[in-house]
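Enquirer: Chain by chain, the residues:
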Amino acid sequence: GDSVTQMEGPVTLSEEAFLTINCTYTATGYPSLFWYVQYPGEGLQLLLKATKADDKGSNKGFEATYRKETTSFHLEKGSVQVSDSAVYFCALYFGNEKLTFGTGTRLTIIP
Amino acid sequence: GAVVSQHPSWVICKSGTSVKIECRSLDFQATTMFWYRQFPKQSLMLMATSNEGSKATYEQGVEKDKFLINHASLTLSTLTVTSAHPEDSSFYICSARALGQGYEQYFGPGTRLTVT
Chain A
36 GDSVTQMEGP
46 VTLSEEAFLT
56 INCTYTATGY
66 PSLFWYVQYP
76 GEGLQLLLKA
86 TKADDKGSNK
96 GFEATYRKET
106 TSFHLEKGSV
116 QVSDSAVYFC
126 ALYFGNEKLT
136 FGTGTRLTII
146 P
Chain B
6 GAVVSQHPSW
16 VICKSGTSVK
26 IECRSLDFQA
36 TTMFWYRQFP
46 KQSLMLMATS
56 NEGSKATYEQ
66 GVEKDKFLIN
76 HASLTLSTLT
86 VTSAHPEDSS
96 FYICSARALG
106 QGYEQYFGPG
116 TRLTVT
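Top line first, the protein sequences correspond to chains A and B. For the record, in the first sequence the residue sitting at position 56 is 91 according to the numbering used here, with numbers rising by one throughout. For the record, in the second sequence the residue sitting at position 29 is 34 according to the numbering used here, with numbers rising by one throughout.
Note that these hints are calculated values from the structure, not bench results. It is possible that part of the hints are untrue.
[Stated by the list, open to error] Straight-line distance between alpha carbons at most 30 angstroms, and here's what the computed DSS-like set of lysine-lysine pairs gives:
#, chain 1, residue 1, chain 2, residue 2
1, A, K87, A, K112
2, A, K103, A, K91
3, B, K25, B, K69
4, A, K112, A, K91
5, A, K133, A, K87
6, A, K103, B, K60
7, A, K95, A, K112
8, A, K112, B, K46
9, A, K91, B, K46
10, B, K46, A, K87
11, A, K112, A, K133
12, B, K60, B, K19
13, B, K46, B, K25
14, B, K60, A, K87
15, A, K133, B, K60
16, B, K25, B, K71
17, B, K71, A, K133
18, B, K71, B, K19
19, A, K91, A, K133
20, A, K103, A, K133
21, A, K87, B, K25
22, B, K71, A, K95
23, B, K60, B, K25
24, B, K46, B, K69
25, B, K69, B, K19
26, B, K46, A, K95
Since this is a predicted model, take the numbers as computed values, not measurements.
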């Protein structure tokens, strides 16, 4: 079945460091790919998305590129801030109403 | 906009009792609501999908008689865990989607259930 694999956390970085959170997927076909973010005490929010190969999703300084050849959708940010501390989820969607999530990666940014 | 609330945010109940969790869409009409369960350090697992006015569709392995889902209005869905046991302790998250929204789901903040 479809699945998403995320790098295990937690990840702790200093402010202004470069961030990469790895995400790879297994699917029969070409799903849409998403990154969701969950801030403390809040629900998951859509951070960015890509619906086809080579698409780049971006939002709030975060970027991820849909790589069909490596079945990956790694999340990156050039300079993280304390306010980026949250749990990040990679997910895929095939148009059957169901989102398939990775395990989530907890990110902590220290000043 | 697109806010989803859950109540309660956490609940402790005794083994054998039932507990109800509410999921509300505050500023839009949710034709479809989803219920997820999340174990520590694991991904969100979809339990069931409910459409307003219809019976919920449960994922394989989810006991429909144990996890009762009601979606009686366009702004409210409830999940009732019946005859709860310690293994039902988990984090339950709902999400809601408006008609024609495709993949776009709006998530509630979750409910922590502890069964003693």
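Enquirer: For each hint, tell me whether it holds in the structure or not.
Expert: Verification of the supplied hints:
Among the hinted pairs, K87(A) with K112(A) is consistent with the structure: their alpha-carbon atoms are about 21 angstroms apart, no more than 30 angstroms. With a C-alpha separation of about 12 angstroms, the suggested pair K103(A) and K91(A) falls inside the 30 angstroms cut-off, and the hint holds. Note on K25(B) and K69(B): the hinted pairing holds, with a Cα-Cα distance of about 14 angstroms set against a maximum of 30 angstroms. Distance check on the hinted pair: K112(A) and K91(A) sit about 13 angstroms apart at the alpha-carbon level, within 30 angstroms; holds.
With a C-alpha separation of about 18 angstroms, the suggested pair K133(A) and K87(A) falls inside the 30 angstroms cut-off, and the hint holds. For the suggested pair K103(A) and K60(B), the alpha carbons sit about 37 angstroms apart, so the restraint of at most 30 angstroms is broken. The suggested pairing of K95(A) with K112(A) holds, with an alpha-carbon distance near 9 angstroms, which does not exceed 30 angstroms. Proposed proximity of K112(A) and K46(B) is supported: the alpha carbons are some 23 angstroms apart, at most 30 angstroms.
With a C-alpha separation of about 28 angstroms, the suggested pair K91(A) and K46(B) falls inside the 30 angstroms cut-off, and the hint holds. Straight-line distance between C-alpha atoms of K46(B) and K87(A) comes to about 29 angstroms, which keeps the hinted pair within the 30 angstroms bound. Taking the CA atoms of K112(A) and K133(A), the gap is near 28 angstroms; set against the 30 angstroms cutoff, the hint holds. For the proposed pair K60(B) and K19(B), the alpha carbon gap of about 28 angstroms is at most 30 angstroms, so the pair holds.
Taken as a hint, the K46(B) and K25(B) pair is honoured in the structure, with Cα atoms around 24 angstroms apart against an allowance of 30 angstroms. For the hint linking K60(B) to K87(A), the alpha-carbon distance of about 34 angstroms lies beyond 30 angstroms, and the restraint is violated. Taken as a hint, the K133(A) and K60(B) pair is honoured in the structure, with Cα atoms around 17 angstroms apart against an allowance of 30 angstroms. For the given pair, K25(B) sits about 12 angstroms from K71(B) by alpha-carbon distance, which is consistent with the 30 angstroms threshold.
Distance check on the hinted pair: K71(B) and K133(A) sit about 22 angstroms apart at the alpha-carbon level, within 30 angstroms; holds. Distance hint between K71(B) and K19(B) is fulfilled; the C-alpha atoms sit about 15 angstroms from each other, no more than 30 angstroms. The straight-line distance between the Cα atoms of K91(A) and K133(A) is roughly 22 angstroms, inside the 30 angstroms bound, and the hint therefore holds. The hinted pair formed by K103(A) and K133(A) meets the criterion: a straight-line CA distance of about 21 angstroms does not exceed 30 angstroms.
A distance of roughly 40 angstroms separates the Cα atoms of K87(A) and K25(B); the hinted pair therefore is violated under the 30 angstroms criterion. Distance hint between K71(B) and K95(A) is unfulfilled; the C-alpha atoms sit about 41 angstroms from each other, more than 30 angstroms. Taking the CA atoms of K60(B) and K25(B), the gap is about 17 angstroms. The hint holds against a cut of 30 angstroms. Annotation: proposed proximity of K46(B) to K69(B) holds, straight-line Cα distance about 25 angstroms (limit 30 angstroms).
For the given pair, K69(B) sits about 21 angstroms from K19(B) by alpha-carbon distance, which is consistent with the 30 angstroms threshold. With a CA separation close to 26 angstroms, the supplied pair K46(B) and K95(A) stays within the 30 angstroms bound.
In summary, the structure is inconsistent with hints 6, 14, 21 and 22 from the numbered list given earlier, while agreeing with the others.
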